[in-house]
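Visitor: The lines below spell out each chain.
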Amino acid sequence: MDEDIKKIVLDYVIEEYLEDEDEKITYDTPLISGGIVDSFSMVSLKRFLEKKYQISIPDDEATPEAFDSVNSITELVEKYIKED
Amino acid sequence: MSNIGTYDERRKNFDWSISEEELEYKPENVINIGWYCSDRICQMGKADKLALIWEGFGGREKKYSYNDIRLASNTIGDFLQKCGIKSEDRVCIFLDRIPELYLGFLGILKIGAIAQPLFSAFGDESLLVRLENAETSAIITQRKHVGKVRKIIDKLPHLKHVIIVDHDGKKPLKEREMVFSLEEAEPVENLKIYPTKAESASVLHYTSGTTGLPKGVKHVHYSLIGQYLTAKWVLDISDDDIYWCTADPGWVTGTSYGIIGPWSLGVTQCVLDAGFSADAWYRFIEKHKVTVWYSAPTAIRSLMKAGDEVVKKYDLSSLRHLVSVGEPLNAEAVVWSEKVFGRPFHDSYWQTETGAIMISNYPGMKIKPGSMGKPFPGIEATILDPETYNPISQPGRIGLIAFKPGWPSMMRTYWKNEETYKSKFVNGWYLSGDRANIDKDGYFWFIGRDDDVINTGGHLVSPFEVESALLEHEAVAESAVVSKPDEVNMEVVKAFVVLHPGHEPDDDMELNIMNFIRKRLSPLAMPQEIEYVESLPKTRSGKIMRRLLHAKEWGEEIGDTSTLEDE
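Quick note, the sequences are listed as chains E and W, same order.
First residue of the first sequence: 1, per this note's numbering; consecutive thereafter.
First residue of the second sequence: 1001, per this note's numbering; consecutive thereafter.
Just so you know, the hints here were simulated from the structure itself, not pulled from any lab data.
Virtual Cβ for every residue (Gly too), placed ideally from N, Cα, C.
Just so you know, not all the hints are guaranteed correct.
Said to hold, decoys possible - Computed cross-link-like contacts, DSBU-like style, restricted to lysine-lysine with a CA-CA straight-line distance of at most 30 Å:
1) E/46 to W/1144
2) W/1170 to E/24
3) E/51 to W/1552
4) E/7 to W/1170
What the hints assert, rightly or not - Rough simulated footprint, nothing fancy, chain W against chain E, three-plus residues with beta-carbon under 8 Å:
5) 19-26
6) 31-43
7) 63-72
Same shape as in the complex, but just chain E (with noise of 0.2 Å):
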């Protein structure tokens, strides 16, 4: 898995979802069922793959699941760099 990828898109949800400084996040913290991102606020880091990747994720693979953690937000961002 790419590491670099994994540190943007780990320090992107630290800086822009993470209400409670205090609380420290790895590449497996839960985001969606562990209520640090919510599903409307899903849709503004998918913009932020899709902007930085210059990638499109299809919506029916933007589950919950699949934004789920730092690790396999990476492996679906892998998935379509490679497509492209």
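Chain W: place on chain E using the hints.
Guide: Relative to chain E, chain W alone:
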């Protein structure tokens, strides 16, 4: 046999005194929701019965008996009194779905103060306008949200106390901040319950309208009479049920039926304080053997989207009654729930202003999938002609949903906005702001809003509020906000934006604007799509014609454009 028995019989012989008698309330008596939901249940011999099973993320679990919630709400009420909070002071609860939210709600009511629950995902601007309007005296919050309060506190001279329930001592407190720990506080066995009467204010919930700031809907302690009986007859909850209401108490469903309804009935309820996933929800039902489930169409459609296979991984046989609220429940969702759970979701309809369920599908009554159902016994509901405001008698004709005022849980006013409150009544009817028709069998069928308010995922968003916030973004010169269709949330927010010269209408800007609104207002209010335009359609008097933009999004006829500026 269900609690309601036969719907038609109940309608014929109905009187709200049924509820008053069951609650042993007599007119002019003291009626305090906080006491009814805890002390009274203990006095009925259920002190040791489980009142709350709370589960946080990762399976952390806490359990509270009715005696525990009695003591905890006493303790919080006592703490607030010692802070100087008096009857009718507004106390905001700005918490995730942690136990202190539920227990604090009762504690506030017990001392005669007014509970003002606010959705914890609100941004600082949304929080500010609601606290300013209510002139809130204290806010109960948690570490992760205190930053939003700090941003606005200088603009809130009435806010005397910021009470943090999970302070760990690692960082210093700031001015007006104080710590309350339920686990460390000495339990207060005896608290003098404030002698609230039927018309004493209890809860202030904020709701969005097309124009102007959010409106504070004032409810009173007598609302209990409606919430108790509707919880009993519509949700059909009984003594041995395990009940789960998935709504957040930042919204009215979460207080009327996530606190008051079940606890006034002495029922055990569950709360899951974690983000959504189909697996997590089904596991929760299986683990706690939930029997009655009150949820929302957006969640149900999300579960449908997750597929049928995931349902099969769990034993959901405990479920016996399913009810939905928040937005119209589509027929496919009713049919699907019957297929996968063996039971249909029963749609129910009501609003922040009505305080309790008004129209519903009832246990034992034939469900017409996609229909709102029929009026609750004791509720006179009709469809009014939008021109004459007279009831429409022809089945199938679309008009305005209206109710004859006088039900117990009806709002008493909009906070400091009596004029708008009065405007909701015409010809002796309360106007809901929604449109529907009634079929020949008396079933109501929802059509849509009668105004520009956006119902996204069951929550109302004011286009005016989003437009105002957009104008605070440095790049935005003009904006118009409408709804656009969405498979899961029914509607989502879309913004048409004119940029100031020198700003690029690109993807960076779109994301920047989206995040700006998300943090300032809330994720619900964040435009899911931004369309850059050169100009907005306006009337000759300069008013933005949202109607045209809305019609374009929904593929509807544009209609009369004779007042359009460029025509």
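Visitor: Compare the structure with each hint and give your call.
Guide: Now for the hints, and whether the structure bears them out:
Of the pairs offered as hints, the one joining residue 46 of chain E and residue 1144 of chain W holds, with about 24 Å between alpha carbons and a cut-off of 30 Å not exceeded. For a cut-off of 30 Å, the pair hint linking residue 1170 of chain W to residue 24 of chain E stands: about 15 Å separates their Cα positions. Annotation: proposed proximity of residue 51 of chain E to residue 1552 of chain W holds, straight-line Cα distance about 26 Å (limit 30 Å). The suggested pairing of residue 7 of chain E with residue 1170 of chain W holds, with an alpha-carbon distance near 27 Å, which does not exceed 30 Å.
Against chain W, the segment 19-26 of chain E contributes 5 residues with a C-beta closer than 8 Å to a partner C-beta. That satisfies the three-residue criterion, and the hint holds. Proximity of the segment 31-43 of chain E to chain W, defined as three or more residues with a beta carbon under 8 Å from a beta carbon of that chain, is established by the 12 residues found. Using a Cβ-Cβ cut-off of 8 Å, 4 residues of the segment 63-72 of chain E lie near chain W, which meets the minimum of three, so the contact claim holds.
In summary, this structure violates none of the numbered hints.
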